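Chains as they are written, first to last, in my numbering: chain A, 1 to 239; chain B, 1 to 310; chain C, 1 to 309.
It cannot be assumed that every hint is accurate.
List time: in silico DSS-like cross-link candidates among lysine-lysine, alpha-carbon distance up to 25 Å [stated by the list, open to error]:
| no. | chain 1 | residue 1 | chain 2 | residue 2 |
| --- | --- | --- | --- | --- |
| 1 | A | K88 | A | K78 |
| 2 | C | K111 | B | K273 |
| 3 | A | K108 | A | K66 |
| 4 | A | K88 | C | K142 |
| 5 | A | K7 | A | K78 |
| 6 | A | K7 | A | K63 |
| 7 | C | K111 | A | K138 |
| 8 | A | K78 | A | K8 |
With the C-beta cut set under 10 Å, the calculated list includes, among others, these residues of chain A facing chain B [unchecked claim]:
| no. | residue |
| --- | --- |
| 9 | L89 |
| 10 | S103 |
| 11 | A137 |
| 12 | R152 |
Hints listed in this document are in silico derivations from the structure and should not be mistaken for laboratory results. Bear in mind the structure is a predicted one, so any value in this text is a computation, not a measurement. For every residue, glycine included, the Cβ atom is placed at its ideal position computed from N, Cα and C.
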Amino acid sequence: MPILEGKKVTKYFGGLAALYQVDFEINTGEVVGLIGPNGAGKTTLFNLISGFLPITAGEIRYKGQKINGLNPHQICWKGVARTFQSTKLFAGMTVFENVVSASLFGSKRTVSLPEAERETMELLEFVDLLSVRTMLAKDLPIAHQKRLEVARALATKPDLLMFDEVMAGLNPVEVVEAMGLVAKIRDRGITIFMIEHVMKAIMEVCNRIIVLHHGSKIAEGRPEEVANSPKVIEVYLGE
Amino acid sequence: MEGFNVITKRPFTVGAVLLILILLAIMPFYAKPYPVISLTNILMYIILTVSWVIFSGPTHYISLASAAFFGVGIYTSALLGKILPLPLIVVAGGFASFILALFIGLLTLRLRGMYFIIFTFSISELIRHFLLWWETNVEGTVGRWVVMVSHNTVYYIILIIFVMTMLIAYLMRQSRFGLALRCIGEQEEAAIHIGINATIVKSLTFAISATFMGASGAIMATRWTYIDPRIAFDPHLSFMPVLMAIFGGTVHFYGPLFGAAIFAYLEEILTTKFPYYYMLFFGAILIVVILFLPHGLFGLIQKRWKGGSE
Amino acid sequence: MKSTFLDSQQTPSFKKKRIFVFEAILNIVIAGLIMGGIYALIAVGLSLQYGVGRVLNISHGEFIMLGAFATWSLYTLLGVSPLLSLIICGPFLFLLGFLIHRTLFQYLRDKSESMGAFADSSLLASFGLLFIIQNIALLIWKADLRGYSYLNTPVSIFGAIFTANRIVALLFAVTISLAFYLFLTHTRMGKAIRASAEDPMTAQVMGVNIHRMLAICFGLGALMAGFAGPLISMMYEIQPTMGIEYTIIAIIVVVLGGLGSITGSLIGGFSLGLVGSIVTYFNPGLSLIAYYVIFILLLLIRPTGILGK
Numbered sequence: 001m002p003i004l005e006g007k008k009v010t011k012y013f014g015g016l017a018a019l020y021q022v023d024f025e026i027n028t029g030e031v032v033g034l035i036g037p038n039g040a041g042k043t044t045l046f047n048l049i050s051g052f053l054p055i056t057a058g059e060i061r062y063k064g065q066k067i068n069g070l071n072p073h074q075i076c077w078k079g080v081a082r083t084f085q086s087t088k089l090f091a092g093m094t095v096f097e098n099v100v101s102a103s104l105f106g107s108k109r110t111v112s113l114p115e116a117e118r119e120t121m122e123l124l125e126f127v128d129l130l131s132v133r134t135m136l137a138k139d140l141p142i143a144h145q146k147r148l149e150v151a152r153a154l155a156t157k158p159d160l161l162m163f164d165e166v167m168a169g170l171n172p173v174e175v176v177e178a179m180g181l182v183a184k185i186r187d188r189g190i191t192i193f194m195i196e197h198v199m200k201a202i203m204e205v206c207n208r209i210i211v212l213h214h215g216s217k218i219a220e221g222r223p224e225e226v227a228n229s230p231k232v233i234e235v236y237l238g239e
Numbered sequence: 001m002e003g004f005n006v007i008t009k010r011p012f013t014v015g016a017v018l019l020i021l022i023l024l025a026i027m028p029f030y031a032k033p034y035p036v037i038s039l040t041n042i043l044m045y046i047i048l049t050v051s052w053v054i055f056s057g058p059t060h061y062i063s064l065a066s067a068a069f070f071g072v073g074i075y076t077s078a079l080l081g082k083i084l085p086l087p088l089i090v091v092a093g094g095f096a097s098f099i100l101a102l103f104i105g106l107l108t109l110r111l112r113g114m115y116f117i118i119f120t121f122s123i124s125e126l127i128r129h130f131l132l133w134w135e136t137n138v139e140g141t142v143g144r145w146v147v148m149v150s151h152n153t154v155y156y157i158i159l160i161i162f163v164m165t166m167l168i169a170y171l172m173r174q175s176r177f178g179l180a181l182r183c184i185g186e187q188e189e190a191a192i193h194i195g196i197n198a199t200i201v202k203s204l205t206f207a208i209s210a211t212f213m214g215a216s217g218a219i220m221a222t223r224w225t226y227i228d229p230r231i232a233f234d235p236h237l238s239f240m241p242v243l244m245a246i247f248g249g250t251v252h253f254y255g256p257l258f259g260a261a262i263f264a265y266l267e268e269i270l271t272t273k274f275p276y277y278y279m280l281f282f283g284a285i286l287i288v289v290i291l292f293l294p295h296g297l298f299g300l301i302q303k304r305w306k307g308g309s310e
Numbered sequence: 001m002k003s004t005f006l007d008s009q010q011t012p013s014f015k016k017k018r019i020f021v022f023e024a025i026l027n028i029v030i031a032g033l034i035m036g037g038i039y040a041l042i043a044v045g046l047s048l049q050y051g052v053g054r055v056l057n058i059s060h061g062e063f064i065m066l067g068a069f070a071t072w073s074l075y076t077l078l079g080v081s082p083l084l085s086l087i088i089c090g091p092f093l094f095l096l097g098f099l100i101h102r103t104l105f106q107y108l109r110d111k112s113e114s115m116g117a118f119a120d121s122s123l124l125a126s127f128g129l130l131f132i133i134q135n136i137a138l139l140i141w142k143a144d145l146r147g148y149s150y151l152n153t154p155v156s157i158f159g160a161i162f163t164a165n166r167i168v169a170l171l172f173a174v175t176i177s178l179a180f181y182l183f184l185t186h187t188r189m190g191k192a193i194r195a196s197a198e199d200p201m202t203a204q205v206m207g208v209n210i211h212r213m214l215a216i217c218f219g220l221g222a223l224m225a226g227f228a229g230p231l232i233s234m235m236y237e238i239q240p241t242m243g244i245e246y247t248i249i250a251i252i253v254v255v256l257g258g259l260g261s262i263t264g265s266l267i268g269g270f271s272l273g274l275v276g277s278i279v280t281y282f283n284p285g286l287s288l289i290a291y292y293v294i295f296i297l298l299l300l301i302r303p304t305g306i307l308g309k
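Model the full structure from these sequences, guided by the hints.
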């Protein structure tokens, strides 16, 4: 059974269809990329999955259960976490506080403070932010901010992690580091669904890629297939 | 819970607080009536301000509904004054405000920023105007009389409410509930994605903050004895806690307390000595604070101590 | 508003009822337009300040009050016609608003960490202004109600009777609104204002001096207050505490018409005026309550306003 599936997912904003009858499947353990030109509906899809926006029509199932209609905090408790296109950190709080909050609230059961603190230290080490744990989130450089958002998402103990352009704004060196982090997360058994514009990263890290354009899925397949698909090329070059 | 560690970690502070409380408690015995009445007023403002900060401090949602909650407490007292004993009236006032705030909180799930501010103000004003209209047209007489209570009784009850408010404010701040509030205030969208049920947290906190306002309204009504919608729901009571909190600063725990104390004392002096100029002073102070002390008077102190105590 | 018409034995009853209803409707509509005109002006003023400058100017009503009292003083002390005061108060308040923005709000804007922080601090600063301006007014004019008589002669419009000053106020309000609407849609400055309201970044890129634009818009908001004040003083008694009620109405209209939409404020103003007129006809004390109820329902059901984006 796929860990996440969407059937005829549709979202209208007023009269405008941001997403139209999109079908998709994510299998456990995969790293699936989501690409498409700006305005294709990628972040909207994430917003529907995470429960932030209500779906207009269609269904989204997580581990077989319907999740569209649930609140974001409930979906988080079920094991879906995400990062955001423009980082939404708790700017005035420290790196440590950012992660420990997610650790404390990210599960339906009550997590004790010592347990949360332990998890936080472990995660900060995992993303290599341990040394700056007392810094305020807003004082971090962009690459560290992105990593902090990843750590915070991981603290909610997800089985599915959605990255929204986690590599945006990073220089080539940082992109390689980020790719390494994505691989490490995958190796931990977490399924990954990632929106990305940095093609190099998508090609190397993903098992499969879904392509959206004007709210519809126009292609899907392995990276090489998608890269050579005439439809996809036309959509990107025609921009 | 984390709160109890304070007693062992900072004995000096706890000792000082207890001493001050004892002094306050025995005040009616060694002071003349006027300072006691004055202090009652100041404590009332402190309660309103600290309560206001419980919700509006961490979330940055500026509520202008304080007058509504205080007024509900006043009217509870007016309506139940002859039926229930005083302590129950105070509790009833607090409870009524709790329910009203919970109702408003759940209603305004989606309203943020400017909309929330205007909405809360409108609720307060709607209640005021409606009650005024009701009393004028349906009941025929505007205003009610409240059973009178001795100055000292009022003082003690206000003191108790004050202690409870400070206690709850402190515990909330230290608890994970307070942490969730801060997350919501920092970045609400992210907060709900890490598992925080923002609706419940916000509504409950709003309701808790209203409870103390209602309770203090219930007891203050007995001091004023005559109340009507204009007095009970005076918008002044919605604006003042905001000013006092800004003045004192909301970052440091004691900011709102001292801000309210100083401001309330200032108001008393100004309204008696310069009754025609006090608004001018307040406006000027407010602008000066906004411009040059954005974190309030005590924000300055807190900034220097930023050693990561949290 | 009970008519003695129905007691008359002269005309048949169905004709009496028809005339009665027609007269009542006419009364309501014209009264609604009169109030609506004022509401539209003050709402447009607030909309300019909030839509472009993002300042929710809670002291807006105080500027209206200043305009009203300046007119009163000019009339009772120097015999200056209120209509002439329009031309005096308007520009003067424009200048005042412009300067206040240039100094106070510009400073806050530069110093604020985010738009959210600026929204809060500018709101609080405008509170401070409210206190200061109202206190100054109380010092100068004292707290009593003031009024004056100007063009008090009754005028009949198809049977509906109004004092001439109200009709004149209506005409001026409509003219100013129309003129301003044309200004916004047909002049370069007007288009620059609308562009700044919709997208300040792009406007700046296109050559608009954003800092000056913000101050100008704030000033224009005060200008509207400067027009509304004299008109209000012609029709009603005034006191230094009158401001807040007008500010609230302005806020209600702005939200009703959609935050940021100046045309929305115009239409919203007249609409609310009509609603108020209808409610007042049946029960005079309920109009403000009706506004609040509409407002609260609006915020809950459709916060973007009837015409909002």
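We went through each hint and held it up to the structure:
| no. | hint | verdict |
| --- | --- | --- |
| 1 | A:K88 - A:K78 | 21 Å, holds |
| 2 | C:K111 - B:K273 | 36 Å, violated |
| 3 | A:K108 - A:K66 | 18 Å, holds |
| 4 | A:K88 - C:K142 | 52 Å, violated |
| 5 | A:K7 - A:K78 | 20 Å, holds |
| 6 | A:K7 - A:K63 | 14 Å, holds |
| 7 | C:K111 - A:K138 | 17 Å, holds |
| 8 | A:K78 - A:K8 | 22 Å, holds |
| 9 | L89 | 7 Å, holds |
| 10 | S103 | 9 Å, holds |
| 11 | A137 | 9 Å, holds |
| 12 | R152 | 6 Å, holds |
Of the numbered hints listed earlier, those contradicted by the structure are 2 and 4.
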